[in-house]
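Asks: Residue numbers (numbering that gives the first Met the number 0), protein chains in the order written: chain C, 0 to 190; chain L, 0 to 194; chain E, 0 to 285; chain D, 0 to 209; chain G, 0 to 442; chain W, 0 to 334.
If you are wondering where the hints come from, they were derived from the structure by calculation, not from laboratory data. One or more of the hints may lead you astray.
Below are the DSS-like pairs computed for lysine-lysine, each with C-alpha atoms no more than 27 Å apart in a straight line [unchecked claim]: (1) Lys140(D) with Lys151(D); (2) Lys192(L) with Lys392(G); (3) Lys360(G) with Lys19(W); (4) Lys32(C) with Lys392(G); (5) Lys128(G) with Lys279(G); (6) Lys159(D) with Lys143(W); (7) Lys31(C) with Lys154(L); (8) Lys192(D) with Lys159(D); (9) Lys143(W) with Lys191(L); (10) Lys231(G) with Lys31(C); (11) Lys131(D) with Lys154(L); (12) Lys67(D) with Lys103(D); (13) Lys123(D) with Lys154(L).
Here are a few chain E residues that sit away from chain L, every Cβ distance over 10 Å (derived from the structure) [to be verified]: (14) Val42; (15) Pro113; (16) Ser217; (17) Thr236.
One side only, chain L facing chain E, incomplete, derived with CB under 8 Å [to be verified]: (18) Leu19; (19) Val65; (20) Pro68.
Fair warning: this is a prediction, and the values are worked out from it, not measured in the lab. Ideal Cβ placement from N, Cα and C applies to all residues, glycine included.
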Amino acid sequence: MEYVLIVISAIFVNNIVLSQFLGICPFLGVSKKISTGIGMTGAVTFVMVIATIVTFFIQKAVLEPFGVEYLQTITFILVIASLVQLVEIILKKVSPPLYQALGVFLPLITTNCAILGVAILALGLEDTNIVKSVVFAMSHAVGFGLALVTFAGIREQLDLMDVPKGMRGTPIALVVAGLLALAFMGFAGIV
Amino acid sequence: MNQWNNFSKGFFKENAVFTLLLGMCPTLGVTSSAFDGLGMGLATTFVLVMANLVIALIKNLIPDKVRIPAFIVVIATFVTIVEMTMQAYLPDLFESLGLFIPLIVVNCLVLGRAEAFASKNNIGSSIIDGLGMGLGFAMALTILGALREILGSGKVFGTMIFPEDYGMLVFVLAPGAFIALGYLIAFINHVKKEA
Amino acid sequence: MNVVLITIISLGVLGTLAAIILYFVAQKFKVFEDPRIDQVEEVLPAANCGGCGFPGCRAFAEAMVKSDDISDLNCPVGGAETMSAAAGILGKEVAAAAPTVAVVRCNGTCDNRPKVTNYDGATSCTIASSLYGGDTGCSDGCYGLGECVDACNFDAMYMDEKTGLPVIIEDNCVSCGACVDACPKDIIELRKKGPKSRRIFVSCVNKDKGAPAKKACSVACISCKKCQKACPFEAITIENNLAYIHDDKCKLCRKCVSECPTNAIHELNFPPKKPKVEKVVPENAE
Amino acid sequence: MAKTESTLKNMVLTLLVITGVAGASLGFMFELTKGPIEAAKKAKQQAAITEVVPGFNNNPADEVYELKSKEGFDLKFFPAKKDGKLIGIAIESMTTKGFSGKIKVMVGLKPDGTIINYQILEHKETPGLGTKMADWFKTDKGNQSVLGKHPKNNNLTVSKDGGEVDAITAATISSRAFLDAVRVAFETYNENKDNQPVADNTSVEEGGSL
Amino acid sequence: MLKTFSLGGVHPAENKFSAGKKIETLPVPEQVSVPIAQHIGAPSEPVVKKGDEVKVGQLIAKSTGFVSTNIHSPVSGKVFKVDDILDASGYKRKAIIIKVEGDEWDENINRNADLVTDITLSKEEIVKKVGEAGIVGLGGATFPAHVKLSVPPGKTCDVLILNAVECEPYLTSDHQLMMEKGEEIMVGTQILMKALDVTKAIIGIENNKKDAIDHMSNLAQKYDGITIEALKVQYPQGGEKQLIDACIQRQIPSGKLPIEVGAVVQNVGTTYAVYEAVQKNKPLFERIVTVTGKSVSKPSNFLTRVGTPVSALINAAGGLPEDTGKVIGGGPMMGKALSSIEVPVTKGSSGILIMPDKIAKRGTMEPCIRCSKCVSVCPMGLSPYLLMTVSDKAIWDRAEEEKIMDCIECGSCSYTCPASRPLLDYIRLGKGKVGNIMRSRNK
Amino acid sequence: MNTLTVSPSPHVHSGDSVKKNMYGVIIALLPALAASVYYFGLGALIVTMAAVISCVFFEWAIQKYLLKTNPTVLDGSAALTGLLLAFNMPTNLPIWIIIIGSLVAIGIGKMSFGGLGNNIFNPALVGRVFLLISFPVQMTLWPKPSENMTNYLDATTGATPLSVMKEGLANGESVSSLMAKIPSLSELFFGNLGGSAGEVAAVALLIGLVYMLIRKIITWHIPVSIIATVAVFSGILNLASPEQFAGPLFHILTGGLMLGAIFMATDYVSSPMANKGMIIFGIGIGVITVVIRVFGAYPEGVSFAILIMNGFVPLIDKYVKPKRFGEVVKTAGKK
Ligand SMILES: Cc1cc2nc3c(=O)[nH]c(=O)nc-3n(C[C@H](O)[C@H](O)[C@H](O)COP(=O)(O)O)c2cc1C
Ligand SMILES: Cc1cc2nc3c(=O)[nH]c(=O)nc-3n(C[C@H](O)[C@H](O)[C@H](O)COP(=O)(O)O)c2cc1C
Ligand SMILES: Cc1cc2nc3c(=O)[nH]c(=O)nc-3n(C[C@H](O)[C@H](O)[C@H](O)COP(=O)(O)O)c2cc1C
Ligand SMILES: Cc1cc2nc3c(=O)[nH]c(=O)nc-3n(C[C@H](O)[C@H](O)[C@H](O)CO)c2cc1C
Ligand code: SF4
Ligand code: SF4
Ligand code: SF4
Ligand code: SF4
Ligand code: FES
């Protein structure tokens with residue numbers, strides 16, 4: 000039950016983009032087409048889960064025992080940055096098609112605060128353990144994907160419509176994001 | 000480049016929020032009041048200036064392959080410094096900015112400037128660039144914060160402008176953040192076109 | 000132990016680890032991508048207009064890097080300057096393409112060419128062309144529905160409300176050819192810009208014989224061949240009842256212009272003719 | 000100055016140096032701010048205690064002790080004494096029934112259990128709705144205020160549930176949660192009244208009788 | 000419940016003013032202009048030149064390929080010239096112009112009106128005859144009939160469907176033809192069945208022609224394998240894909256021909272022409288044309304020689320009404336607006352519809368309100384609103400993905416759209432572009 | 000001779016128009032308007048007038064002064080948005096809030112996207128949810144029916160059946176004891192319950208539905224799929240635990256379900272195009288509605304459910320296409 004609640008909360012109620020304001024840059028940046036949105040979701044899920052696992056161990060094995068929790072930010076981001084680069088280099092060689100699909104998004108992920116944010120938030124869970132953290136990260140990634148793909152769908156549609164000049168591009172995208180967030184507030188209080 | 004232009008571009012022409020769309024998370028996440036927006040903006044400015052400074056200083060020493068990790072370490076260091084300082088001397092602000100302080104590290108603005116400007120320019124220009132971009136960012140956040148605060152609760156910087164009963168709560172919440180920024184950008188685009 | 004020490008050590012170890020791993024992985028999984036593609040892309044105008052025939056500037060850059068002979072590649076927007084810059088990066092030669100500009104070859108204004116039907120379909124020249132030859136007696140001329148104007152990405156065209164014909168703003172035209180492709184009637188042509196932007200061309204595409212052509216439009220080419228006879232350089236040919244001036248042969252002597260009984264030959268950017276001076280314009284005498 | 004090459008040695012060296020310098024400066028910063036951070040935390044706690052049980056002249060933070068509530072929360076008790084006499088107790092209470100989970104409240108009780116004052120320490124309620132609890136239950140308007148009320152003598156639940164406290168408009172959930180935190184504080188205090196830690200035996204005896 | 004096709008469809012006001020009007024033979028005009036491109040496929044090649052004498056039914060232009068056909072002189076007289084004239088396509092195209100002199104027919108033509116029921120020719124001979132006689136589909140598409148009768152190797156045909164639906168409002172030529180030449184159509188059907196080697200033929204007739212259904216049903220009893228299918232009135236039932244779906248519940252897959260599902264569709268007029276060609280040796284040079292319209296004083300069905308100017312028909316029907324806005328070649332849903340009434344009648348002209356100014360005017364276009372009415376009426380299950388948008392924005396790959404090429408151009412979408420959007424205009428544009436793209440890709 | 004007009008086919012038109020559809024819906028809403036005036040009196044009229052007038056005004060003003068296009072307010076869509084917005088609000092709402100709601104509905108919900116036909120979200124619901132979140136107090140004070148014929152702002156208020164149920168269940172009461180506190184099902188059907196202006200009389204809304212179906216303004220897919228989904232889903236919950244979850248009829252007859260299913264989810268612009276898509280859309284709305292009502296913080300979830308599903312419409316439209324001709328190669332046999 001607890002896991003179900005984590006999943007529902009992460010996807011709908013506390014959607015990482017629409018209610019927690021994390022990962023807005025890729026949300027706005029790579030949402031012009033559904034296909035790129037799906038690619039980005041794949042890349043984010045991948046990195047988010049791995050990063051959460053690695054940072055979990057760093058926290059438990061290094062930072063806490065030595066009492067240097069204040070190094071959280073710097074170590075986590077270092078790990079994430081290296082991880083992203085690693086994944087990129089390996090993918091490029093090992094699976095060019097996958098790299099074509101995800102690779103272009105990888106550099107963007109380093110500066111996606113959703114990754115670092117989720118890694119930090121996962122540690123703040125009650126009675127946190129590795130499985131819970133992974134479920135947490137995975138659900139947030141799904142929530143990110145849900146918001147991103149829906150949003151990309153809307154933007155693709157808007158491309159076919161006559162949005163007034165002044166609102167075209169970012170402004171209307173933000174308004175749509177706002178209205179999506181407004182709609183998602185209906186889920187408030189489920190968990 | 001003319002240093003004044005270098006400085007002022009961050010406010011309008013290349014404003015991080017209004018035109019480059021960088022650093023959107025804090026922009027939306029911490030602007031439920033003008034004060035928080037200002038605080039976040041200044042914290043980011045500090046990191047930006049210092050990071051630009053250091054990176055401009057050491058740019059030639061860093062091999063390309065580890066450029067990004069190295070930059071990130073530099074940035075993260077300053078972020079942690081800000082984090083600790085704020086915790087010590089501005090605990091209330093620290094609390095309301097919450098998670099977004101460590102997230103300055105990944106603010107695309109900071110890394111973006113480091114990559115795009117500081118790693119290519121000299122120290123003086125880099126500092127000025129950082130200051131301009133940072134203050135421009137702070138300005139944007141403050142404006143957005145003030146807008147949301149006044150619409151949401153009738154206050155600016157905590158001072159009552161009109162009775163709270165008339166405030167529209169949405170603007171304090173997530174949807175209002177997006178919507179307010181959307182129209183703010185539309186407005187600024189419009190002004191820019193006229194200018 | 001001292002916190003500072005722990006800090007330094009843990010960070011140091013982490014950093015070193017990151018560097019070493021990255022190094023070896025990078026070595027092992029090296030993939031080569033020609034860095035010149037980026038460089039070339041940088042000098043291109045980033046208009047992504049497709050005027051070069053490739054889907055966007057990057058594709059063009061790739062093509063430039065890949066092909067040995069780049070003489071038939073041209074970015075019309077950037078022009079010779081861009082091309083030589085790009086060629087410089089690649090150490091290749093470019094044949095300097097003569098700059099061209101779009102011209103509208105129809106002068107069937109509302110006055111010159113009376114309407115015989117009402118068009119009541121969608122505002123699109125191509126749609127109208129699938130229906131018929133147009134609302135006037137000339138079935139080759141301009142529909143005046145402005146599809147070319149919509150196609151132009153460079154604000155180089157507008158529809159003249161009075162004449163109902165498109166007009167090219169030469170200064171803005173980058174000769175991308177989008178309008179040429181858009182027009183269902185091949186009315187627009189890219190012609191050599193000519194010295195001082197001077198150009199002479201037949202502003203008509205009507206392929207009817209003389210009498211019906213004249214009936215449909217008072218300024219139509221009636222294929223009377225007078226211009227052809229007048230041209231000292233054999234620059235004019237007549238095919239399908241229509242005269243055409245070849246811009247590679249035309250020396251801009253302007254003899255044909257005055258010959259044309261319907262004023263179908265247009266000259267652009269010449270100084271107003273002094274009355275009765277029958278001399279070749281000096282700078283064109285080669 | 001020439002650009003450094005991407006050789007292994009250079010890469011490792013650079014990162015090592017950078018992280019080393021970063022570590023050194025951070026460690027130094029940490030040492031520097033450790034004190035002030037602690038102080039800031041203390042100051043905050045102190046301010047809260049002062050607000051909810053004013054008038055003491057001991058240092059309640061020194062005499063703090065912890066008790067477990069029925070719900071399993073660890074509550075901190077700060078005895079406030081004036082000249083050695085217990086004048087009240089500040090209890091760091093909490094509840095998880097808030098609209099968005101946990102709410103932490105510092106509740107000040109007179110030794111007999113009457114509510115002196117409270118301060119919200121930590122919460123995630125919705126701004127503009129739940130956040131109103133910071134002042135709502137102190138405001139003397141209608142039946143909003145809980146100050147001066149006694150959890151046993153007064154029915155401290157929201158009027159919707161039959162109690163005598165007006166809930167924050169449109170935030171009944173937060174109101175319930177707040178009152179729940181107050182109840183937790185009072186009940187834990189009340190149950191353990193008889194076996195309070197040794198340090199304060201006497202004082203409890205004196206003021207403890209209802 | 001009457002059968003009909005399974006998706007979409009509309010039911011515009013029928014307005015069949017000329018229904019029941021006897022077929023009148025239009026007098027031969029003084030001069031005819033016979034375009035050399037009257038059919039789908041390569042234009043024919045003129046075999047006469049200026050000054051040549053020609054007889055009625057004489058070959059004047061010959062087929063230039065498999066998908067092409069012969070053209071025969073509709074009159075006797077002298078070739079005046081071969082020149083470009085404005086025809087129904089709206090463009091100037093080549094035509095053979097003949098000045099009429101006398102009425103001398105080719106001697107091979109059997110001008111006797113008696114019914115000839117015995118089919119003496121073999122399968123192959125029939126197809127050859129149909130090809131030589133210049134017969135094209137008279138249902139509107141003018142596709143050379145012999146091509147359809149040559150079932151490609153590997154495919155089999157098991158049913159012939161006669162298209163007697165005439166689903167277009169106003170038009171009555173097929174209806175009247177069935178009433179007057181039903182017997183001939185039956186024989187024609189037998190000929191086609193023989194040519195296609197099938198034992199089953201279905202004649203699909205919409206239920207608004209009850210007299211024709213009764214008449215044909217009576218006649219069909221005498222002929223083996225021919226059944227009459229009464230169909231619910233629903234436009235575009237006459238579209239062959241829809242007709243096959245309605246009659247035998249088989250759907251032709253996207254981009255495929257009827258033969259894919261074992262069917263061949265011929266119009267009843269075509270069938271009559273086949274009868275005349277095979278039994279009477281008469282090539283196709285005249286046809287029945289309905290002249291009609293709300294303000295037309297004498298709506299009629301005329302037997303007209305190809306090449307007759309439209310104005311001659313209009314005069315015979317009482318002249319051009321004052322309030323004329325549009326003159327349409329064909330029906331109101333699929334017909335083509337003519338830019339001049341001097342254009343000649345061709346093999347494919349099924350009707351001349353004269354529409355008053357008021358009705359002819361299109362409504363002002365409004366934004367699409369996404370009411371999905373166009374989607375629900377599209378007989379091909381397409382999304383016309385989307386096809387229009389992507390065509391307008393030139394997103395061709397999307398248009399192809401959305402199967403723009405499946406559109407049969409029936410116009411149901413434009414007819415229905417409450418926002419008066421010119422959906423089909425843009426879809427046609429898109430079809431043109433996408434078709435070109437697909438063709439150049441296949442090269 | 001007359002100049003001939005030339006245009007591509009088809010040359011005839013059904014005569015249907017945007018206006019006819021919009022005014023058709025307005026006519027279909029008249030019974031509900033009558034019912035709400037009958038139950039709430041003056042307030043219902045004031046709120047409706049205010050919303051309609053301000054929506055029409057804002058649309059006109061924005062088109063004229065901001066977008067600088069020709070105002071098209073006469074097409075009736077703005078008036079309809081106003082009417083539906085009003086039908087979603089308590090009948091004692093202060094006029095200034097109504098005006099803000101209209102501005103949000105038209106300005107943000109509709110014109111920012113380019114006006115009629117372009118909006119992704121249902122404008123009236125954008126307005127309503129915006130207000131609900133901004134002014135939770137005013138938006139949840141429901142006047143009691145039949146007691147406030149001439150009162151407007153100071154009407155006596157009461158809870159809607161849904162909030163009685165929600166509060167009660169939250170406090171551990173059982174469904175059966177709560178059902179006794181709310182009007183009977185037949186009263187719910189004829190509208191004697193607290194609620195927003197337009198949602199009170201199910202029967203009036205059903206009359207509107209029948210009218211719209213007959214005039215072919217809408218098809219059955221969306222309303223039926225929503226109502227059926229709610230019935231099934233709440234039925235299952237009810238069967239599983241009758242004292243914890245109210246039954247299907249309660250859910251169908253209370254709150255804005257009927258109004259939403261019949262008039263708001265069916266909004267052309269913000270609903271899917273293909274029939275299959277409409278059914279998916281309806282099921283989505285039904286499920287989300289029940290989830291919010293039963294598990295969420297809000298007693299009522301129809302508005303949110305419709306808005307959420309509005310967001311998914313582009314995806315639905317992209318991946319759920321109408322059934323294409325020729326997809327099934329052989330359908331020989333029956334039918
Ligand atoms: C996004 C959102 C945030 C909310 N935040 C709170 C909150 O912080 N505290 C609260 O008590 N109710 C909050 N509510 C309202 C509750 O859902 C619930 O409607 C309310 O508590 C019922 O109280 P009432 O009976 O006073 O209206 C929120 C609702 C939503 C939709
Ligand atoms: C929308 C549409 C409607 C049609 N309506 C008819 C019709 O009413 N009668 C008819 O004979 N052909 C009609 N056709 C033409 C038929 O599809 C088909 O071409 C014809 O029946 C084949 O016979 P034919 O080659 O003998 O003309 C229609 C075509 C389309 C696309
Ligand atoms: C390019 C083209 C090729 C065709 N090829 C054949 C063919 O090989 N066999 C055949 O029976 N019909 C063929 N047809 C005829 C069509 O099936 C159809 O009868 C004709 O297009 C008229 O139908 P419609 O009026 O419904 O459009 C072809 C049509 C076209 C346009
Ligand atoms: C059946 C139908 C239902 C409608 N429902 C709504 C609605 O719920 N909200 C609204 O603002 N407009 C509604 N409209 C009006 C119109 O479609 C709406 O204003 C557009 O969304 C504006 O672009 C409806 C129109 C029709 C035809
Ligand atoms: S006028 Fe034609 S050629 Fe010139 S820029 Fe415009 S589209 Fe290109
Ligand atoms: S030149 Fe061609 S495209 Fe331009 S308006 Fe004329 S017909 Fe249309
Ligand atoms: S014209 Fe094409 S898109 Fe329109 S209804 Fe007919 S088949 Fe469908
Ligand atoms: S019928 Fe017209 S308004 Fe309706 S969806 Fe189709 S194009 Fe849009
Ligand atoms: S600031 Fe959060 S992703 Fe850029």
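Asks: If a hint holds in the structure, say so; if it doesn't, say that too.
Replies: Each hint, compared with the structure:
1. As the CA atoms of Lys140(D) and Lys151(D) are separated by approximately 22 Å, the hinted pair is consistent with the 27 Å bound.
2. A hinted pair counts as satisfied when its Cα atoms are at most 27 Å apart, and Lys192(L) with Lys392(G) qualifies at roughly 26 Å.
3. For the given pair, Lys360(G) sits about 19 Å from Lys19(W) by alpha-carbon distance, which is consistent with the 27 Å threshold.
4. Between the alpha carbons of Lys32(C) and Lys392(G) the distance comes to roughly 16 Å, so the proposed pair stays at or under 27 Å and holds.
5. Among the hinted pairs, Lys128(G) with Lys279(G) is consistent with the structure: their alpha-carbon atoms are about 11 Å apart, no more than 27 Å.
6. Proposed proximity of Lys159(D) and Lys143(W) is supported: the alpha carbons are some 18 Å apart, at most 27 Å.
7. Restraint check for Lys31(C) and Lys154(L): not satisfied, since their Cα atoms lie roughly 36 Å apart, outside the 27 Å limit.
8. Between Lys192(D) and Lys159(D) the CA atoms are separated by roughly 31 Å; this puts the pair beyond 27 Å, and the hint is violated.
9. For the hint linking Lys143(W) to Lys191(L), the alpha-carbon distance of about 52 Å lies beyond 27 Å, and the restraint is violated.
10. Using a Cα cut-off of 27 Å, the hinted pair Lys231(G) and Lys31(C) is violated, with the two alpha carbons roughly 47 Å apart.
11. Among the hinted pairs, Lys131(D) with Lys154(L) is consistent with the structure: their alpha-carbon atoms are about 15 Å apart, no more than 27 Å.
12. In summary, the hint linking Lys67(D) to Lys103(D) is supported, as the alpha carbons are separated by about 15 Å, within the 27 Å threshold.
13. Annotation: proposed proximity of Lys123(D) to Lys154(L) holds, straight-line Cα distance about 21 Å (limit 27 Å).
14. The claim that Val42(E) lies off the interface holds: its Cβ sits roughly 18 Å from the closest Cβ of chain L, which is beyond the 10 Å cut-off.
15. Distance to chain L confirms Pro113(E) as a non-interface residue, since its nearest Cβ pair spans about 42 Å, more than 10 Å.
16. The Cβ of Ser217(E) lies farther than 10 Å from every Cβ of chain L, with a closest approach of about 44 Å, so its non-interface assignment holds.
17. A cut-off of 10 Å between C-beta atoms confirms that Thr236(E) is not in contact with chain L; the least separation is 49 Å.
18. The interface hint given for Leu19(L) is violated, since its Cβ lies 17 Å from the closest Cβ of chain E, which is over the 8 Å cut-off.
19. A cut of 8 Å between beta carbons decides the hint on Val65(L): the least distance to chain E is about 6 Å, and the hint holds.
20. Taking 8 Å as the C-beta cut-off, the interface hint given for Pro68(L) holds, the closest approach to chain E being about 6 Å.
The earlier numbered hints that this structure contradicts are 7, 8, 9, 10, 18.
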